[in-house]
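Just so you know, the protein sequences line up as chains Y and D, in that order. For the first sequence, my numbering assigns the number 1 to the initial residue and increments by one for each residue that follows. For the second sequence, my numbering assigns the number 391 to the initial residue and increments by one for each residue that follows.
No wet-lab data here; the hints were simulated from the structure. No false leads were slipped in.
Each computed DSS-like pair below joins lysine-lysine, with the alpha-carbon atoms no more than 30 Å apart: (1) D:Lys632 x Y:Lys56; (2) D:Lys632 x Y:Lys143; (3) Y:Lys215 x D:Lys647; (4) Y:Lys143 x D:Lys647; (5) Y:Lys303 x D:Lys632; (6) D:Lys617 x D:Lys397; (7) D:Lys632 x D:Lys498; (8) D:Lys645 x Y:Lys143; (9) D:Lys617 x D:Lys645; (10) D:Lys645 x Y:Lys215; (11) Y:Lys295 x Y:Lys386; (12) Y:Lys297 x D:Lys632; (13) D:Lys647 x Y:Lys56; (14) Y:Lys386 x Y:Lys303; (15) D:Lys632 x Y:Lys386; (16) D:Lys498 x Y:Lys215; (17) Y:Lys386 x D:Lys647; (18) Y:Lys386 x Y:Lys299; (19) Y:Lys215 x D:Lys632; (20) Y:Lys299 x Y:Lys337.
Stretches of chain D that chain Y covers, calculated by requiring three or more beta carbons in the stretch to come under 8 Å of a beta carbon on chain Y: (21) 495-509; (22) 520-531; (23) 544-558; (24) 596-602; (25) 618-629; (26) 656-667.
Short, incomplete list of chain D residues facing chain Y, as computed with Cβ under 8 Å: (27) Pro514; (28) Pro571; (29) Val572.
Beta carbons are placed, not taken as given, at the ideal position from N, Cα and C, and that holds for glycine.
The lines below spell out each chain.
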Amino acid sequence: MNVHEYQAKALLAEFGVPVPEGLLATTPAEAEQAARTLGTPVVVVKAQIHAGGRGKAGGVKLAKSPAEAQQAASEILGMTLYTPQTGPEGKCVRKVYVEAGSSIADELYLAILFDRAVERFAIVASTEGGMEIEEVAATNPEKIHTVHVEPNLGLRDHQSRTLGYDLGLPTEQVDKFIPFIRGLFDLYLAKDCSQVEINPLVVTEDGRLIALDGKINFDDNALYRHPEIAELRDPDEEDPRERAANEIDLAYVGLDGNIGCMVNGAGLAMATLDMIHYCGGSPANFLDAGGGADKEKVKEAFKLILRDENVRAILVNIFGGIVRCDLIAQGVTAAAKELKLSVPLVVRLQGTMASEGRAILADSGLDITAAETLQQAGELAVAAAKGGMA
Amino acid sequence: MAILCDKNTKLIVQGMGRMGRFHANLSLEYGTQVVGGVAPGKGGQEIGGIPIFNSVAQAIRETGASASVIFVPPPGAADAILEAAEAGIGLAVCITEGIPVLDMARAKSALAGSSMRLVGPNCPGVVTPGQCRIGIMPAQITMPGPVGVISRSGTLTYEAVDQLSRLGIGQSTCLGIGGDPVIGTNFIDALTLFEADPETKGVVMIGEIGGSAEEEAAEFIKSNMTKPIAAFIAGQNAPAGKRMGHAGAIIAGGKGKASDKIAALEANGVAVAESPAMIGETFAKAAPELA
Chain Y
1 MNVHEYQAKA LLAEFGVPVP EGLLATTPAE AEQAARTLGT PVVVVKAQIH
51 AGGRGKAGGV KLAKSPAEAQ QAASEILGMT LYTPQTGPEG KCVRKVYVEA
101 GSSIADELYL AILFDRAVER FAIVASTEGG MEIEEVAATN PEKIHTVHVE
151 PNLGLRDHQS RTLGYDLGLP TEQVDKFIPF IRGLFDLYLA KDCSQVEINP
201 LVVTEDGRLI ALDGKINFDD NALYRHPEIA ELRDPDEEDP RERAANEIDL
251 AYVGLDGNIG CMVNGAGLAM ATLDMIHYCG GSPANFLDAG GGADKEKVKE
301 AFKLILRDEN VRAILVNIFG GIVRCDLIAQ GVTAAAKELK LSVPLVVRLQ
351 GTMASEGRAI LADSGLDITA AETLQQAGEL AVAAAKGGMA
Chain D
391 MAILCDKNTK LIVQGMGRMG RFHANLSLEY GTQVVGGVAP GKGGQEIGGI
441 PIFNSVAQAI RETGASASVI FVPPPGAADA ILEAAEAGIG LAVCITEGIP
491 VLDMARAKSA LAGSSMRLVG PNCPGVVTPG QCRIGIMPAQ ITMPGPVGVI
541 SRSGTLTYEA VDQLSRLGIG QSTCLGIGGD PVIGTNFIDA LTLFEADPET
591 KGVVMIGEIG GSAEEEAAEF IKSNMTKPIA AFIAGQNAPA GKRMGHAGAI
641 IAGGKGKASD KIAALEANGV AVAESPAMIG ETFAKAAPEL A
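So that you can see chain Y by itself, here it is in the shape it has in the complex (with noise of 0.2 Å):
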């Protein structure tokens, strides 16, 4: 789960982490009143959404006066910001973050992330503070210096430290930086943290360190224990399909193609999509109908389908481990009549009670295409959504 920019710099202040004073707005008048109250002769006017490449789409301006912070804002409120991060339908700005301006010396990167490859987190940092970090890894790679901290263990000053001298860091600033990190580090893991990205972390003019960009995401297992952190999920920045889906306890992708698939298990459902492709279609979701899939599951799922007007034809592919065949059939066939479904819907049920739920189908009156194979579920559903049914 992603939260805005000023969400992230209330949690790193409360962990003690220095950031610049801030104000939330949500029309130009709010800016205006935001910019007087910090009192600070420059103001960064910064669009909220839940996507990096703000500066570059225009989405973060400069203003000298409470009136410039006004018309900034007013510019920035409701346009619709394209970033390589937001995907061609880009995200329309609701709110702004009017912050105090910060007089930059230097501009660092630091950021904490799980490192699968040796299970334990990293701590990565390096004096390129302000580019993708993506883009320094190819280009400068020994500009980026890595600790890894053991989970049991925890942070190590010298790890800190070490990285400070790696920086580049004066002692002077050395000494802030441990506490800086160790604060980050704290937050990382009392609030069950995935990512937190620091970008650019500036040392001002005065020698302090400062976050001037805060990106917190958090492991989604781990919310049930952290429900002022649910809390912050601003459904204004998730795809309407994935909250719905996410209410139902599904996990779902919208994707550009007209193939809406419903599988039970994640590394089929990625399979499924696969097939499609290979035989020539496109789907138009992943769908992971999970192991408790039943008759009320499965009538979600359809609606949640038929939701994308992309949608020509359907591919239920079900292999029932736990899952009983019988019962997804129980759920098409009801889904298929209530919904009154006008797509073609190709099925293929295979594993537990797969020959019970091929009969209630055959049974139903229904017009559904019975697939045996994964091969044939693929080329049926490609060619129904084509309009030639095979």
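Keeping the supplied structure of chain Y fixed, place chain D upon it in accordance with the hints.
Same frame as chain Y, now just chain D:
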């Protein structure tokens, strides 16, 4: 003798909720020696004919259990894994999906030096056809034979096993290693076991997007595996930055793409199936003597 489990394995079940009971029963029906269940506070009772104990240590003392399957819900699952290790069991298979990464990172690190092998979490378990079923796999689609199957996915494992069985190619052991970022047994561990097992003559490996486990396995295969291997990588058409169901299945920062994994495997002599429908066929072509 297959790997990890056989007809001599004595299994206990940690977490006797609805799922635990249901699958304990299916394993019993398959012929697995399910010797006990662990449910704190219910020690001394019986559930579905299975004696219940308050702790893993107690269960081992009373039954001589050699393996445990864990169905404990996410908040207590990592602790259940550590309990199994401290009690001195040889194998723990954790089925639980949704354990926080932090919990598993700590548990895995604490297991260093332990003699227990962990499989999973978020995995379908282990089946040695005709002998032992640990976990949730539909064991009826398996058949005894020479091929070891390793997979990060559950249902896609069934698909691969089914394709092999339909071609008359049986399996030595089928093993789901799990779809989470932190898992106990990885591809390299499983490949090592299959290479050493005299009854396994070839391997089918099912990977997916995310992380670099497949690339590391490819590197390992080059210098350590003599047996023929066929593979499939799921998620060739997955968009970047989206978590595809499994917590570990995500292309992040340009890393973890299917194309890189396929290239690494092919460069090291692994036959990679073009489509998920051709996993069995691809193995049959790579190892005609076993087909």
